[in-house]
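All chains should be built: construct the whole structure from the sequences, respecting the hints.
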Amino acid sequence: AQRVTQPEKLLSVFKGAPVELKCNYSYSGSPELFWYVQYSRQRLQLLLRHISRESIKGFTADLNKGETSFHLKKPFAQEEDSAMYYCALSDKGAQKLVFGQGTRLTINP
Amino acid sequence: EPEVTQTPSHQVTQMGQEVILRCVPISNHLYFYWYRQILGQKVEFLVSFYNNEISEKSEIFDDQFSVERPDGSNFTLKIRSTKLEDSAMYFCASSRDGPSSEAFFGQGTRLTVV
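Protein chains in written order, with my numbering: chain A, 636 to 744; chain B, 40 to 153.
Hints listed in this document are in silico derivations from the structure and should not be mistaken for laboratory results.
Don't take every hint at face value.
Only pairs whose alpha carbons sit at most 30 angstroms apart, straight line, appear in this in silico DSSO-like list of lysine-lysine [to be verified]:
| no. | chain 1 | residue 1 | chain 2 | residue 2 |
| --- | --- | --- | --- | --- |
| 1 | A | K657 | B | K81 |
| 2 | B | K122 | A | K644 |
| 3 | A | K692 | A | K657 |
| 4 | A | K708 | A | K657 |
| 5 | A | K708 | B | K81 |
| 6 | A | K644 | A | K700 |
| 7 | A | K644 | A | K692 |
| 8 | A | K657 | B | K96 |
| 9 | A | K708 | A | K692 |
| 10 | B | K81 | A | K650 |
| 11 | A | K644 | B | K81 |
| 12 | A | K700 | B | K122 |
| 13 | B | K81 | A | K692 |
| 14 | A | K700 | B | K96 |
| 15 | A | K650 | B | K96 |
| 16 | A | K650 | A | K708 |
| 17 | A | K657 | A | K700 |
| 18 | A | K708 | A | K644 |
| 19 | A | K692 | A | K650 |
| 20 | B | K96 | B | K122 |
Written out as structure tokens, the structure reads:
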């Protein structure tokens, strides 16, 4: 069964410090992985996906099939990064996203 | 920038009543979804809809639930005979090319069953 695990419900770091939000997945095929973000009072929106291999707002994520992980990283956190972050998996054969439970990231000044 | 719109933003209903949650997906999108998030829990998939029919549904999406695209623009979720445990935030989403493409989410409807 498909499963996405985000082990940290809460993560707090200081501004300027590196950030890593962990995501592990369980899937037998070739998954497509995404990070979605929800800023305060805003809707859930796509941050990045592993296929595009791009950096968005300074965030990157690398798919590690050996460790079945898709951790989200940023070298220098900014206060505006405070938000709820969700890792999600898409099964090409299925018409749905499977979400992790989310990590609330707080950047302290 | 086009957005997915959901109404109402908050709905309070009595247990046993029927509710209809409404969504207007982005106009050139072909895939539509409903997800829900019970307070403190993860976002859960309910149903996906493509080409005027359900393409996939979860175990949660039983006979109590139904979806409809009545007029080519709206996408509705009907919950019959609501239960206390149906209280949740319900999100509508749409995408152009299926789940591998970016899903655009609405602001959500908070359903409270009392």
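Here is what the structure says about each hint:
1. Annotation: proposed proximity of K657(A) to K81(B) holds, straight-line Cα distance about 16 angstroms (limit 30 angstroms).
2. A hinted pair counts as satisfied when its Cα atoms are at most 30 angstroms apart, and K122(B) with K644(A) qualifies at roughly 28 angstroms.
3. Restraint check: the Cα-Cα separation between K692(A) and K657(A) comes to about 18 angstroms, which is no more than 30 angstroms; the hinted pair holds.
4. Between K708(A) and K657(A) the CA atoms are separated by roughly 9 angstroms; this keeps the pair inside 30 angstroms, and the hint holds.
5. Using a Cα cut-off of 30 angstroms, the hinted pair K708(A) and K81(B) holds, with the two alpha carbons roughly 21 angstroms apart.
6. With a CA separation close to 23 angstroms, the supplied pair K644(A) and K700(A) stays within the 30 angstroms bound.
7. With a CA separation close to 22 angstroms, the supplied pair K644(A) and K692(A) stays within the 30 angstroms bound.
8. Our distance criterion of 30 angstroms between C-alpha atoms is met by K657(A) and K96(B), whose separation comes to about 28 angstroms.
9. Straight-line distance between C-alpha atoms of K708(A) and K692(A) comes to about 11 angstroms, which keeps the hinted pair within the 30 angstroms bound.
10. Using a Cα cut-off of 30 angstroms, the hinted pair K81(B) and K650(A) holds, with the two alpha carbons roughly 27 angstroms apart.
11. A hinted pair counts as satisfied when its Cα atoms are at most 30 angstroms apart, and K644(A) with K81(B) qualifies at roughly 11 angstroms.
12. Pair hint K700(A) plus K122(B) does not hold up; C-alpha atoms about 41 angstroms apart against a cutoff of 30 angstroms.
13. Between K81(B) and K692(A) the CA atoms are separated by roughly 24 angstroms; this keeps the pair inside 30 angstroms, and the hint holds.
14. Taking the CA atoms of K700(A) and K96(B), the gap is about 28 angstroms. The hint holds against a cut of 30 angstroms.
15. With a C-alpha separation of about 42 angstroms, the suggested pair K650(A) and K96(B) falls outside the 30 angstroms cut-off, and the hint is violated.
16. Between K650(A) and K708(A) the CA atoms are separated by roughly 14 angstroms; this keeps the pair inside 30 angstroms, and the hint holds.
17. This hinted pair checks out: K657(A) and K700(A) have alpha carbons roughly 14 angstroms apart, not beyond 30 angstroms.
18. A distance of roughly 16 angstroms separates the Cα atoms of K708(A) and K644(A); the hinted pair therefore holds under the 30 angstroms criterion.
19. Of the supplied pair hints, the one linking K692(A) and K650(A) holds, its CA atoms being roughly 15 angstroms apart against a limit of 30 angstroms.
20. Of the pairs offered as hints, the one joining K96(B) and K122(B) holds, with about 20 angstroms between alpha carbons and a cut-off of 30 angstroms not exceeded.
Hints 12 and 15 from the list above are not met by this structure, while the remaining hints are.
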